[in-house]
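K.L.:
Chain order of the listed sequences is A and B.
The numbering of the first sequence is the working numbering, which starts it at 8 and goes up by one.
The numbering of the second sequence is the working numbering, which starts it at 22 and goes up by one.
Careful, some of the hints might be misleading.
Ranges of calculated distance between the beta carbons of each label pair, as one might list FRET restraints [stated by the list, open to error]:
# : chain 1 : residue 1 : chain 2 : residue 2 : range
1 : B       : E80       : A       : S134      : 28 to 36 Å
2 : A       : P76       : B       : I65       : 33 to 41 Å
3 : B       : R31       : A       : D39       : 18 to 26 Å
Just so you know, the hints here were simulated from the structure itself, not pulled from any lab data.
Glycine included, each C-beta is placed from N, C-alpha and C at the ideal position.
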Amino acid sequence: MQFTRRDTLVMGAGAAVATFMPLQVFADATEDVSAEFAMGEAITDGGVELTAPEIAENGNTVPISVNAPGAVAVLILATGNPSPKVIGFNFGPRAGGQTASTRCRLAGTQDVVALAKMADGSVKRASATVKVTIGGCGG
Amino acid sequence: MADNVKPRVRVPRSAAAGEAFEIKTLISHKMESGQRKDSDGNPIPRSIINHFSCDFNGENVIQAALEGAISTNPYIQFEASVEESGTFTFTWQDDDGSEYTDSKDITVG
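Bound-form chain B, shown alone:
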């Protein structure tokens, strides 16, 4: 499962030093829970994004361990605060071993 996976991230362009602001992330993924069965009654194998992390200039902001109970196209919203300009990097890890990344710059001032 690596087709049509598209990460989307919303980060403000600028922020005041030390002030908390919101980051919204969404990635298109079917998030097959492993609980469903196909029309013949065979269980459909789990295929989800199992880990998400956000870092700023190499320092961690948040990590999330996702389970099968997370909805299709997982959406995660959280807060960050920064003291200097830099780059946010976002990483999603798929059950199949692939990794999806995105990055966004922010200016403090």
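Chain A extracted, bound-state conformation:
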């Protein structure tokens, strides 16, 4: 079978679309979840601290921690995961500080986003890029 120049170009374009499509879909899912969490409030950067490693060798256990003074709820999202939600925290009256840590799975190199809902209803955001050597979604 011989490829003409036109065939090659079409295939190339198809491959490019196939490569970028899933990422686009994941990004939309993140937007949807963020909007749901914000409940119509504008999301502003700053006021939240998200700690994540720059490079994670194993995507199966990536330590992340968030510190959001004055927050009532925090939502952590992994923008490049098949399902963006990672964990949601709600702080009660006995919380000593609005800080929490956990370990999460990341499918690949991506941005991790922390959204914090403050007592006055405003929503703050912080994000960190994590390079993942081995993805954590199996299969």
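Position chain B against the provided structure of chain A, taking the given hints into account.
P.N.:
Using the frame of chain A, we list chain B on its own:
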């Protein structure tokens, strides 16, 4: 999935009134995300702990809604502050409906 689930919690024995201190929790659980496929290509159904909460003398400290992206043996660390002696109760809820609990006492003084 209710075999070999063992909660572990670390709380200081005593604390000063009103001072924030750290609580570390870990529970052994496979946390099957629902994204993986078995060798025949069939998706493995999700089986995770989906909710965690910590209370002190009936008042809430923290609640967490866990998703499939949380690692095997979920670890959660947070801070609490108390004014009087009492008991922390920790509750984990499994997708299959079971509930795992643990409790720890603390003395203020």
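K.L.:
May I ask which of the numbered hints given earlier this structure violates, with the numbers listed in increasing order?
P.N.:
3
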